[in-house]
Every structure is written in structure tokens, then in C-alpha cells.
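Colleague: Here's the letter readout for the chains.
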Amino acid sequence: MKKRLVMIGNGMAGARCIEEILKRQPDMYDITMIGDEPYPNYNRIMLSNVLQGKTTFNDININDWDWYEANQIKLISNERVTHIEREARHVVTNQGTTIPYDELIIATGSSAFILPVPGHNLEGVVGFRTIEDTQHMMDAAKQYKKAVVIGGGLLGLEAARGLLDRGMDVHVVHLLPNLMEMQLDHAAAKLLQKDLEKQGMKFLMEKKTAEIYGEQRVQGLRFDDGTSVECDLLVMAVGIRPNVAIAREAGLDVNRAIQVNDYMQTSDPLIYAVGECAEHRGIAYGLVAPLYEQGIVLADFLTGQPTMGYQGSILSTQLKVAGCDLFSGGEIHPCENTKSIVVQDEFTGAYKKVLVRDNKVVGVVLYGDASDGTRLFSMLKKGADVQEFTSASVLHKAGEESGLDVASMSANETVCGCNGVTKGTIVGAILEHGLTSFNEVKAVTKAGGSCGKCRGTVEAILAHTLGDKFDASAEVSGMCGCTTLSRDEVVAAIKEKGMHTPKEVRMVLGFKHEEGCSKCRPALNYYLRMLRPEEYEDDKASRFVNERMDGNIQKDGTFSVVPRMYGGTTTPDDLIRIGQVAKKYNVPLVKITGAARVGLFGVKKEDVPNVWAELDMKSGYAYSKSLRNVKSCVGSQFCRFGTQDSLGLGIRLEQEIEMVDTPHKMKMGVTGCPRNCAEVLTKDFGIVCVENGYQLYFGGNGGTEVRECDSLTTVATEDEVVLMAKAYVQLYRESGIYGERTAPWVERVGVETVRTALGEASQVAELAARFEQARGTYREAWRATLEDEQRQNMYSIEKR
Amino acid sequence: MSTTTDKIKVIKLEDLAVQIGKEVLVKDQSIAIFRLSNGDVRAVSNRCPHKDGPLAEGIVSGEYVFCPLHDWKISLVTGEVQKPDDGCIQTYETEIIDGYVYIGGLG
Numbered sequence: 001m002k003k004r005l006v007m008i009g010n011g012m013a014g015a016r017c018i019e020e021i022l023k024r025q026p027d028m029y030d031i032t033m034i035g036d037e038p039y040p041n042y043n044r045i046m047l048s049n050v051l052q053g054k055t056t057f058n059d060i061n062i063n064d065w066d067w068y069e070a071n072q073i074k075l076i077s078n079e080r081v082t083h084i085e086r087e088a089r090h091v092v093t094n095q096g097t098t099i100p101y102d103e104l105i106i107a108t109g110s111s112a113f114i115l116p117v118p119g120h121n122l123e124g125v126v127g128f129r130t131i132e133d134t135q136h137m138m139d140a141a142k143q144y145k146k147a148v149v150i151g152g153g154l155l156g157l158e159a160a161r162g163l164l165d166r167g168m169d170v171h172v173v174h175l176l177p178n179l180m181e182m183q184l185d186h187a188a189a190k191l192l193q194k195d196l197e198k199q200g201m202k203f204l205m206e207k208k209t210a211e212i213y214g215e216q217r218v219q220g221l222r223f224d225d226g227t228s229v230e231c232d233l234l235v236m237a238v239g240i241r242p243n244v245a246i247a248r249e250a251g252l253d254v255n256r257a258i259q260v261n262d263y264m265q266t267s268d269p270l271i272y273a274v275g276e277c278a279e280h281r282g283i284a285y286g287l288v289a290p291l292y293e294q295g296i297v298l299a300d301f302l303t304g305q306p307t308m309g310y311q312g313s314i315l316s317t318q319l320k321v322a323g324c325d326l327f328s329g330g331e332i333h334p335c336e337n338t339k340s341i342v343v344q345d346e347f348t349g350a351y352k353k354v355l356v357r358d359n360k361v362v363g364v365v366l367y368g369d370a371s372d373g374t375r376l377f378s379m380l381k382k383g384a385d386v387q388e389f390t391s392a393s394v395l396h397k398a399g400e401e402s403g404l405d406v407a408s409m410s411a412n413e414t415v416c417g418c419n420g421v422t423k424g425t426i427v428g429a430i431l432e433h434g435l436t437s438f439n440e441v442k443a444v445t446k447a448g449g450s451c452g453k454c455r456g457t458v459e460a461i462l463a464h465t466l467g468d469k470f471d472a473s474a475e476v477s478g479m480c481g482c483t484t485l486s487r488d489e490v491v492a493a494i495k496e497k498g499m500h501t502p503k504e505v506r507m508v509l510g511f512k513h514e515e516g517c518s519k520c521r522p523a524l525n526y527y528l529r530m531l532r533p534e535e536y537e538d539d540k541a542s543r544f545v546n547e548r549m550d551g552n553i554q555k556d557g558t559f560s561v562v563p564r565m566y567g568g569t570t571t572p573d574d575l576i577r578i579g580q581v582a583k584k585y586n587v588p589l590v591k592i593t594g595a596a597r598v599g600l601f602g603v604k605k606e607d608v609p610n611v612w613a614e615l616d617m618k619s620g621y622a623y624s625k626s627l628r629n630v631k632s633c634v635g636s637q638f639c640r641f642g643t644q645d646s647l648g649l650g651i652r653l654e655q656e657i658e659m660v661d662t663p664h665k666m667k668m669g670v671t672g673c674p675r676n677c678a679e680v681l682t683k684d685f686g687i688v689c690v691e692n693g694y695q696l697y698f699g700g701n702g703g704t705e706v707r708e709c710d711s712l713t714t715v716a717t718e719d720e721v722v723l724m725a726k727a728y729v730q731l732y733r734e735s736g737i738y739g740e741r742t743a744p745w746v747e748r749v750g751v752e753t754v755r756t757a758l759g760e761a762s763q764v765a766e767l768a769a770r771f772e773q774a775r776g777t778y779r780e781a782w783r784a785t786l787e788d789e790q791r792q793n794m795y796s797i798e799k800r
Numbered sequence: 001m002s003t004t005t006d007k008i009k010v011i012k013l014e015d016l017a018v019q020i021g022k023e024v025l026v027k028d029q030s031i032a033i034f035r036l037s038n039g040d041v042r043a044v045s046n047r048c049p050h051k052d053g054p055l056a057e058g059i060v061s062g063e064y065v066f067c068p069l070h071d072w073k074i075s076l077v078t079g080e081v082q083k084p085d086d087g088c089i090q091t092y093e094t095e096i097i098d099g100y101v102y103i104g105g106l107g
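As given, the protein sequences belong to chains A and B, one line each in that order.
So the first sequence is numbered by the UniProt record's numbering: it starts at 1 and just counts up by one.
So the second sequence is numbered by the UniProt record's numbering: it starts at 1 and just counts up by one.
Please keep in mind that the hints were generated in silico from the structure rather than gathered at the bench.
Quick caveat: nothing in here was measured; it's all calculated off a predicted structure.
Accuracy of the hints is not assured; some may be wrong.
[What the hints assert, rightly or not] Dumping the calculated DSS-like pairs for lysine-lysine here, alpha-carbon to alpha-carbon at most 27 angstroms:
| # | chain 1 | residue 1 | chain 2 | residue 2 |
| --- | --- | --- | --- | --- |
| 1 | A | 453 | A | 381 |
| 2 | A | 208 | A | 198 |
| 3 | B | 27 | A | 555 |
| 4 | A | 202 | A | 54 |
| 5 | A | 540 | B | 7 |
| 6 | A | 146 | A | 202 |
| 7 | B | 27 | A | 145 |
| 8 | A | 190 | A | 453 |
| 9 | A | 555 | A | 540 |
| 10 | A | 519 | B | 73 |
| 11 | B | 27 | B | 7 |
| 12 | A | 145 | A | 208 |
| 13 | A | 453 | B | 9 |
| 14 | B | 51 | A | 198 |
| 15 | A | 555 | B | 83 |
| 16 | B | 51 | A | 190 |
| 17 | A | 665 | A | 618 |
| 18 | A | 555 | B | 7 |
| 19 | B | 27 | A | 605 |
| 20 | B | 73 | A | 503 |
| 21 | A | 584 | A | 605 |
| 22 | A | 540 | A | 583 |
| 23 | A | 512 | B | 27 |
| 24 | A | 540 | A | 665 |
| 25 | A | 142 | B | 73 |
| 26 | B | 27 | A | 142 |
| 27 | A | 74 | A | 190 |
| 28 | A | 142 | B | 7 |
| 29 | B | 51 | A | 194 |
[As the list claims (entries may be wrong)] Across the chosen pairs, the derived CB separations fall in these ranges:
| # | chain 1 | residue 1 | chain 2 | residue 2 | range |
| --- | --- | --- | --- | --- | --- |
| 30 | B | 12 | A | 655 | 35 to 43 angstroms |
| 31 | B | 38 | A | 80 | 45 to 53 angstroms |
| 32 | B | 38 | A | 217 | 26 to 34 angstroms |
| 33 | A | 773 | B | 38 | 30 to 38 angstroms |
| 34 | A | 752 | B | 37 | 39 to 47 angstroms |
| 35 | A | 255 | B | 80 | 44 to 52 angstroms |
| 36 | A | 210 | B | 37 | 57 to 65 angstroms |
By construction, the Cβ of each residue, glycine as well, lies at the ideal position given by its N, Cα and C atoms.
Please model the complete structure; the sequences and the hints are all you need to start from.
Modeller: See the structure below:
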């Protein structure tokens with residue numbers, strides 16, 4: 001007969017221990033688990049994500065009911081063990097059930113500590129510990145407005161953030177001057193507080209609660225200094241109290257928690273304790289990583305595997321609040337024999353402190369950018385000698401950092417602190433199961449399955465283990481979240497299968513969302529019109545607002561109006577008219593734009609069509625993915641150095657290429673001599689006039705990432721310039737990814753590919769002809785809207 | 001909570017283009033009205049909880065609108081902001097009577 005293993009408790013630490021036992025010896029024990037919550041075990045640390053609306057209760061189950069059945073574990077839920085009868089070797093529940101054991105594990109965890117002040121049992125006062133607590137808070141947020149969270153520690157701040165997200169006004173009350181004083185020093189705590197205040201959280205620091213008041217439901221609390229704050233929900237996040245009553249009653253040695261040795265054995269050798277209810281070498285842990293480590297040690301011990309025993313844990317912490325990136329591990333406060341390396345960057349708001357003793361890292365506090373956390377913490381755990389490292393390198397060039405050094409991590413180093421997954425486990429799983437993506441690793445090993453902060457490290461390990469076979473972009477290679485197909489695959493399928501509408505494309509190619517998303521809607525609209533210029537009708541509803549409304553939306557919902565000024569030229573009459581219209585409509589900003597036109601900014605939506613009508617000018621397409629402008633110097637008409645009529649050529653190019661949709665916006669330039677006053681070498685297409693002709697350049701960019709043009713060829717006449725320009729634009733239209741500027745496009749397809757394609761006269765002629773065909777289907781946008789009442793309707797606001 | 005159950009007539013149904021939002025001002029509140037491709041008409045507060053983006057100008061896919069300013073995805077049915085962002089907007093009841101859209105539930 002198998003030995004009977006009974007576990008009191010059904011929480012994270014306990015369940016993890018059982019999982020580990022099953023992994024080692026699936027048939028060694030008859031296992032019974034007794035839990036007083038009416039759920040299978042769930043990931044408690046994810047409750048704050050549930051509260052913050054980032055996930056749902058359904059997604060935080062660790063093991064569902066099937067798991068117990070599949071592993072032949074008897075689960076007694078909704079029943080509570082009331083006492084242990086050690087001599088009879090059985091436990092008794094509140095329902096009177098008697099369950100005999102050969103080995104007993106106590107994994108009763110802990111409870112939220114509720115301050116024993118007057119009023120603590122009023123309605124609306126909760127801890128933050130269980131699914132019920134979380135549900136209670138979510139329900140309260142729907143009905144009530146004001147919340148107070150007592151406790152500015154990890155849990156309290158996550159709770160406060162969740163309540164803010166649910167629309168409540170939130171005060172955090174903290175006894176001490178610094179938030180998260182267990183994990184942060186003064187400087188980091190103040191940065192955190194400042195960031196949280198920016199998110200709308202309010203703080204009452206150094207306040208001691210004296211009394212909670214209210215009739216039936218909480219109405220507020222009073223502090224011992226006589227001040228008070230109102231609330232209709234009060235969350236206590238002031239700490240936890242290990243659940244030790246049954247252990248104490250059974251006569252086991254109990255201090256703050258149940259005392260255990262290195263093998264998690266209590267003072268009765270047949271009874272063990274793991275998790276928050278256990279006290280090891282004077283410490284009762286409240287974070288998940290050490291509890292998992294204890295579970296693994298106990299599993300080894302119970303299944304007869306060799307084990308070093310539990311040696312205690314050095315803790316590290318991260319906070320699950322968006323916009324507050326922090327990491328804390330080991331010691332926080334400097335003492336006599338420690339030295340600190342402190343880097344405070346007020347420019348980016350980043351703060352880093354590393355405490356060093358005897359040339360070894362003993363503590364890490366990072367705020368603002370916690371990406372170094374894992375690496376520094378691994379140095380701490382390894383006891384690495386810091387003398388080999390640069391301590392504070394400031395302002396090195398972006399991209400020079402070498403990143404994570406996963407190669408030097410040892411196999412037993414923890415990567416995922418939440419689920420206690422080591423590098424060795426991850427590498428083993430990658431090789432054994434042939435995993436190639438973060439999500440697969442997460443599914444098999446649980447690494448990254450809780451807070452997800454270790455994703456970067458997991459991917460680095462994947463890259464290191466698989467070498468070239470790992471492609472981090474593989475998971476996001478699709479056009480958008482709706483499909484895993486790339487742009488080229490989608491365009492090829494449209495051609496092959498003769499598809500005509502975006503809806504058809506999404507259906508046939510099995511897009512995840514029937515109606516697409518804000519990424520693929522405009523892209524499919526572009527590809528279809530590019531492929532079928534004469535039959536596909538542009539879908540305004542698939543256009544991003546700027547292209548739908550033919551103006552750039554400003555941050556306050558107003559629009560800009562930028563009329564066309566070919567080559568940057570205008571007339572006195574036009575300027576006067578612009579001035580009059582701007583005055584009439586109280587346009588708040590009139591500015592020369594980057595593309596050398598006059599822009600009217602802040603035009604009210606309902607005024608936009610009237611402004612166009614009164615200006616009586618063409619749209620400058622300053623909002624579109626198409627040719628914006630051709631920047632030109634005055635050239636030989638006026639300039640004493642000008643070799644050709646660069647201005648005339650610029651105007652002609654702009655007139656012949658405008659309006660036609662391209663994958664992204666395009667800017668061109670023509671300069672009259674190699675002095676290059678028109679700065680054409682960072683344009684999508686640039687022309688340098690010289691005595692004997694025109695030098696053509698392509699693929700430049702002066703924006704996000706500066707890229708200098710590559711040279712294409714030199715031609716002799718203006719007509720040839722225009723022809724080449726059209727062929728080039730069409731080549732880009734036909735092979736560019738929607739949203740990709742020419743600079744990255746050229747990098748992607750290769751400079752030589754472009755040169756070759758445009759090096760063949762017949763191909764140039766065909767490309768240019770296809771461009772002309774497309775161009776014939778475009779009408780000037782503002783005029784088109786002014787002639788179409790229904791389109792104008794988009795600008796009006798009904799008032800009721 | 002509701003102080004009135006009055007429905008307010010806001011716009012002719014045929015003036016609502018499918019999948020293109022429409023801003024209406026009702027009792028000085030800016031409300032975005034949408035006609036979804038399944039025929040449903042939905043009304044929500046015209047302010048994205050992120051930076052007050054005018055949702056009426058967003059791209060509409062299925063029951064979701066994408067804020068034109070920073071691409072937050074919001075359900076027009078529940079008012080909930082979709083992952084990875086968080087938040088919620090007010091939704092209003094709608095009804096079509098004799099070819100006109102009425103909205104209710106305004107305070």
C-alpha cells in the first residue's frame with residue numbers, strides 16, 4: 001500500500017510542492033489536499049493584475065480541477081482542518097471528516113493582517129489576499145468613489161493602482177516616511193511616489209490609523225494626529241499573519257510561524273511545513289520565489305532525492321505597476337562596511353544603487369530602468385567580484401551596450417523569480433521539446449507566466465541556446481495581431497486568389513478578427529488599391545483619421561489645414577487670402593511647416609470644410625502617406641550658382657507625383673548645384689543639378705533614423721528625371737510594407753535591387769506606366785469632399 | 001442612480017456611415033455614435049480615458065474603436081479598454097425609432 005501524504009492547504013506553495021513530488025515519483029504517495037477556498041489553486045500574485053484589469057480570474061488558475069483528477073489527487077475543498085491528532089496520525093475537518101496520514105504537510109499560508117482598530121469589522125473594510133477580496137474591491141469600485149489603501153508596500157500600491165484603474169479616487173496611507181521601505185531606499189522611494197502621484201494616486205505619509213468610522217459601512221478613518229480622510233472602501237495591505245493556529249494547538253514549535261529545519265521538517269518529524277506558514281532560520285517569507293524553493297527541497301526530501309536542504313533565500317522584488325519600473329534585491333541600506341555605487345540620472349528619471357561589500361555585490365536598488373536587475377542580482381547571488389566591471393559608465397552611445405550575459409549564468413540560477421524557474425530548466429526544456437519561442441517556453445516551464453518581467457532573459461536564453469535558429473521577431477512577423485502572414489504573403493495571396501475586398505482577404509486568409517484592426521485595415525486598403533487601381537474603391541472607413549478627414553488631427557481634436565505650395569512657392573494674393581481666412585476662423589497658430597508650406601493649426605473640425613472652400617486652394621496632403629512636397633532651391637532662375645532650373649523641376653515633379661498613395665509619406669528635393677541648399681541627400685528621392693545633367697539619389701531620410709541617400713544614376717534631361725521618379729515611386733508602391741519609409745525599404749530589399757530594377761529602360765517604362773494608371777484614379781481631396789455632401793457630413797457635430 | 005429615463009433624439013440613422021463615427025453634443029456632453037457593420041448602433045463618451053482622444057474619429061473594427069491619438073482599443077459594447085491598456089468609458093443606451101437614433105441613460 002502506498003504511503004498517505006496529506007496536505008493542509010491548497011495554495012501556491014503547497015501545490016507547487018505536490019507538482020514537484022509528482023514530477024519525481026508520480027506513484028509514491030496517495031495524496032489528499034484540503035483547501036478552504038472553493039477554487040482549485042490559483043496564482044495569488046496575479047490578483048493585482050486581475051484588479052488592474054490586465055487579466056481575468058479564469059486566466060490565473062494554476063491547476064484546474066482536471067489536474068487533481070489526472071494525478072489522482074483527492075481534493076477536499078471548502079472544508080477546513082480544525083485539528084491535527086498527532087498520536088492517531090490523522091487530521092479532522094470542520095465537517096467532522098477524519099483523514100489519516102503517514103506524512104503531513106502544513107501549507108496553510110497566511111492571512112491578510114487586519115489592524116485591530118475600532119471599526120475594523122465595518123462593511124467595506126477588506127484585506128487583499130483572495131479571489132473574494134479582489135471581487136469585493138471590483139464590485140465596490142462600480143458603486144463607490146473613494147478608496148483608501150492602508151499600507152504603502154508592494155501589495156498596497158498594486159491594489160491602489162488597480163482601484164485607480166477602476167475609476168476610484170485613491171488615497172494611500174502609510175505609517176513611515178518612505179514607500180516600500182523594505183525594498184527601496186529613500187531616493188528610489190521618492191521617485192516612485194512622484195511617479196505614482198503623476199498617475200493620480202494620493203498619499204498620506206506618516207499617518208497612524210486610530211479609528212475607522214461609519215454606521216454600517218465604512219465612511220472614513222481618523223489618524224492619531226486628529227486628522228481624517230473619507231472613504232467608502234478601505235483596503236488593508238499592512239502585512240500578513242501566518243496561519244499557525246492548528247500547528248500551535250497540535251503542540252508543534254511555533255514562533256512567528258511554524259519552525260522548520262533545512263528539510264522543512266517541524267518539531268514532529270512526520271509533519272512538514274512549507275510556504276508562508278513556515279519559519280526557517282528565524283525568517284517567514286512572504287514572496288513567492290522562496291516558497292517555491294522550499295517546495296522543491298521538500299519534494300526532494302520526501303521522494304528520497306539527494307538535497308542540500310533549504311539554505312534560505314535572498315529576496316528580490318519587482319512592482320507590477322505600469323510606468324514604475326523598479327527592482328530591489330538583497331540589502332538596501334548602506335552600513336559601515338558597505339560601499340555604494342550610485343547613478344542618478346535626473347534627465348531620464350533613472351536611479352541605480354549597488355551596494356558592495358568586500359568587492360561583492362550585496363544589494364541592488366534600481367528605479368526607472370530595471371533592465372539591469374536580473375544581471376546585477378545574478379552577480380549578487382554568485383558573489384561575483386566587481387573589480388572586473390566598469391562601475392558607472394555614463395552616456396555611452398545607444399546600442400553599444402552588450403545586454404544580458406546569459407552565457408555566464410550558471411544552470412541553477414533563477415530566471416523567473418515568480419515561478420522559480422532556473423536557466424538550466426529552460427535550456428533543458430528548449431532542447432528536449434524543441435521550443436523556439438517565448439510563449440512555448442512559458443507553456444512548458446512556466447517561466448514568464450506570472451509577472452512576465454523575465455521575458456527578455458528568456459528570449460536571450462533562447463537566442464543563446466538556439467543560435468541563429470532563434471528569431472525573436474518570428475512571433476510578431478505577421479502584418480498585425482490578426483494574422484501571422486507577412487505583407488508579401490498577403491499581397492501574393494491577393495494576386496493569386498484574385499481577391500477584391502478587404503473582407504474577402506480577411507476571411508480567406510483566416511484573419512483572427514473578422515473586421516481586422518487599426519493596423520491591417522489601412523494596410524489592406526492600400527494593398528488592394530495599389531494592386532487594382534481601377535476597380536478597387538477606396539474605403540474611407542479603413543483610413544486612419546488624418547487621411548479620412550484630409551487633415552492632421554491635433555492632440556485636442558482640432559485639425560491642421562496645409563494648402564499645396566508647389567516647390568514652396570506662393571503668391572501675394574494667396575498669402576493675403578490665407579491671412580484673411582486664418583483671421584476669420586481664429587486659427588490659433590499659423591506656421592511655416594517643415595515641408596516649406598504655410599500651415600494653419602488648430603482649426604475646429606466643423607470649420608474645416610469652410611476653411612478649405614474659402615482658401616480655394618489644393619490640399620498639400622500634409623497628412624497623407626503620399627508625396628508631401630518637393631523641396632527646391634530657387635535654382636538658375638535667380639541664383640548665381642544655379643546650374644539648372646531646380647525650382648521649375650521641383651514644381652513639375654510635385655505636380656506629376658502628388659496625391660497617389662504610397663506605403664508611407666515621401667519627401668523629395670531638387671537642388672540647383674552641389675552646394676545642396678535644398679538638403680536633398682536625406683530625401684526619399686533627391687536630385688542634384690549639375691552642369692551636364694541631373695544626379696539622382698534615393699532612400700534617404702532625415703527623420704527618426706537619419707540615412708544618407710544612395711546614388712542611382714545621372715540623367716540628361718528633366719523628362720528623364722520625371723520618368724525615373726515615377727518608376728521609383730511605383731517600385732516602392734509595389735514592394736514596400738505599408739508604413740515603411742523608403743529608407744528601411746531600401747535597407748530591406750537592398751540598394752542593388754533598386755538600382756537593377758531601375759537600370760533597365762523597359763522596366764522603367766512599365767513601372768512609370770503603372771504609376772500613371774494609378775494616378776488617373778485620384779482626385780484632389782479637398783475639392784472632392786466639397787463636392788460631396790455626405791463626406792462633408794463627417795465634419796459636422798450635431799447639437800441636441 | 002438614473003435621474004431620468006428620457007431618450008433623446010440625436011440623428012437620422014441614414015446619416016450615420018457604417019464604421020465611421022459621428023460626434024454629437026447632447027446636454028453639452030460630447031458623445032460618439034457608431035453604426036457597426038452588423039447594424040448595431042452604439043454610443044459612448046467621446047473621450048479616450050488616456051489623453052481625451054476623440055473616439056468618433058477612430059478606426060472601427062467589429063465592436064471595437066481604436067483611439068486616433070495613441071491607438072487604444074476600446075469596446076463599444078462594454079466601454080472597456082482592451083489589453084494591454086486599462087480603463088473604461090461611459091456607454092449609453094441606443095434605440096432606433098422611425099429611422100432616428102435615440103440615446104438614453106444620460107444624467
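Colleague: Determine for every hint whether it applies to the structure shown.
Modeller: Hints, verified against the model:
1. For a cut-off of 27 angstroms, the pair hint linking residue 453 (chain A) to residue 381 (chain A) stands: about 19 angstroms separates their Cα positions.
2. For the hint linking residue 208 (chain A) to residue 198 (chain A), the alpha-carbon distance of about 24 angstroms falls within 27 angstroms, and the restraint holds.
3. Distance check on the hinted pair: residue 27 (chain B) and residue 555 (chain A) sit about 24 angstroms apart at the alpha-carbon level, within 27 angstroms; holds.
4. For the suggested pair residue 202 (chain A) and residue 54 (chain A), the alpha carbons sit about 22 angstroms apart, so the restraint of at most 27 angstroms is met.
5. Straight-line distance between C-alpha atoms of residue 540 (chain A) and residue 7 (chain B) comes to about 31 angstroms, which puts the hinted pair past the 27 angstroms bound.
6. Pair hint residue 146 (chain A) plus residue 202 (chain A) holds up; C-alpha atoms about 11 angstroms apart against a cutoff of 27 angstroms.
7. Taken as a hint, the residue 27 (chain B) and residue 145 (chain A) pair is honoured in the structure, with Cα atoms around 24 angstroms apart against an allowance of 27 angstroms.
8. Pair hint residue 190 (chain A) plus residue 453 (chain A) holds up; C-alpha atoms about 23 angstroms apart against a cutoff of 27 angstroms.
9. Restraint check for residue 555 (chain A) and residue 540 (chain A): satisfied, since their Cα atoms lie roughly 21 angstroms apart, inside the 27 angstroms limit.
10. A distance of roughly 11 angstroms separates the Cα atoms of residue 519 (chain A) and residue 73 (chain B); the hinted pair therefore holds under the 27 angstroms criterion.
11. Between residue 27 (chain B) and residue 7 (chain B) the CA atoms are separated by roughly 12 angstroms; this keeps the pair inside 27 angstroms, and the hint holds.
12. Between the alpha carbons of residue 145 (chain A) and residue 208 (chain A) the distance comes to roughly 23 angstroms, so the proposed pair stays at or under 27 angstroms and holds.
13. Of the pairs offered as hints, the one joining residue 453 (chain A) and residue 9 (chain B) is violated, with about 50 angstroms between alpha carbons and a cut-off of 27 angstroms exceeded.
14. Restraint check for residue 51 (chain B) and residue 198 (chain A): the C-alpha separation of about 14 angstroms stays at or below 27 angstroms, so the hint holds.
15. At most 27 angstroms may separate the alpha-carbon atoms for a hinted pair to count; residue 555 (chain A) and residue 83 (chain B) meet this at roughly 23 angstroms.
16. For the hint pairing residue 51 (chain B) with residue 190 (chain A), the CA-to-CA distance comes to about 26 angstroms; that is within 27 angstroms, so the pair holds.
17. Our distance criterion of 27 angstroms between C-alpha atoms is met by residue 665 (chain A) and residue 618 (chain A), whose separation comes to about 18 angstroms.
18. A hinted pair counts as satisfied when its Cα atoms are at most 27 angstroms apart, and residue 555 (chain A) with residue 7 (chain B) does not qualify at roughly 32 angstroms.
19. Taking the CA atoms of residue 27 (chain B) and residue 605 (chain A), the gap is about 19 angstroms. The hint holds against a cut of 27 angstroms.
20. A C-alpha spacing of about 20 angstroms is found between residue 73 (chain B) and residue 503 (chain A), which places the hinted pair at or below 27 angstroms, so the restraint holds.
21. For the hint pairing residue 584 (chain A) with residue 605 (chain A), the CA-to-CA distance comes to about 15 angstroms; that is within 27 angstroms, so the pair holds.
22. Restraint check: the Cα-Cα separation between residue 540 (chain A) and residue 583 (chain A) comes to about 31 angstroms, which exceeds 27 angstroms; the hinted pair is violated.
23. Proposed proximity of residue 512 (chain A) and residue 27 (chain B) is contradicted: the alpha carbons are some 39 angstroms apart, above 27 angstroms.
24. Proximity of residue 540 (chain A) to residue 665 (chain A) is assessed by CA-CA distance (about 18 angstroms); at most 27 angstroms being required, the pair is judged to hold.
25. The hinted pair formed by residue 142 (chain A) and residue 73 (chain B) meets the criterion: a straight-line CA distance of about 21 angstroms does not exceed 27 angstroms.
26. Taking the CA atoms of residue 27 (chain B) and residue 142 (chain A), the gap is about 24 angstroms. The hint holds against a cut of 27 angstroms.
27. With a CA separation close to 49 angstroms, the supplied pair residue 74 (chain A) and residue 190 (chain A) exceeds the 27 angstroms bound.
28. Proposed proximity of residue 142 (chain A) and residue 7 (chain B) is supported: the alpha carbons are some 24 angstroms apart, at most 27 angstroms.
29. For the suggested pair residue 51 (chain B) and residue 194 (chain A), the alpha carbons sit about 20 angstroms apart, so the restraint of at most 27 angstroms is met.
30. Between residue 12 (chain B) and residue 655 (chain A) the beta carbons are some 41 angstroms apart, a value that agrees with the proposed interval 35 to 43 angstroms.
31. Between residue 38 (chain B) and residue 80 (chain A) the CB atoms are about 49 angstroms apart, so this pair conforms to the stated range of 45 to 53 angstroms.
32. For the pair residue 38 (chain B) and residue 217 (chain A), the beta carbons lie near 42 angstroms from each other, so the given range of 26 to 34 angstroms is not met.
33. Look at residue 773 (chain A) against residue 38 (chain B): about 36 angstroms separates their beta carbons, and that is inside 30 to 38 angstroms.
34. In this structure the supplied range 39 to 47 angstroms holds for residue 752 (chain A) paired with residue 37 (chain B), their Cβ-Cβ distance being about 45 angstroms.
35. Between residue 255 (chain A) and residue 80 (chain B) the beta carbon distance is about 47 angstroms. The supplied range of 44 to 52 angstroms therefore holds.
36. Separation of residue 210 (chain A) from residue 37 (chain B) is about 59 angstroms and conforms to the stated range, judged on CB atoms against 57 to 65 angstroms.
In summary, the structure is inconsistent with hints 5, 13, 18, 22, 23, 27, 32 from the numbered list given earlier, while agreeing with the others.
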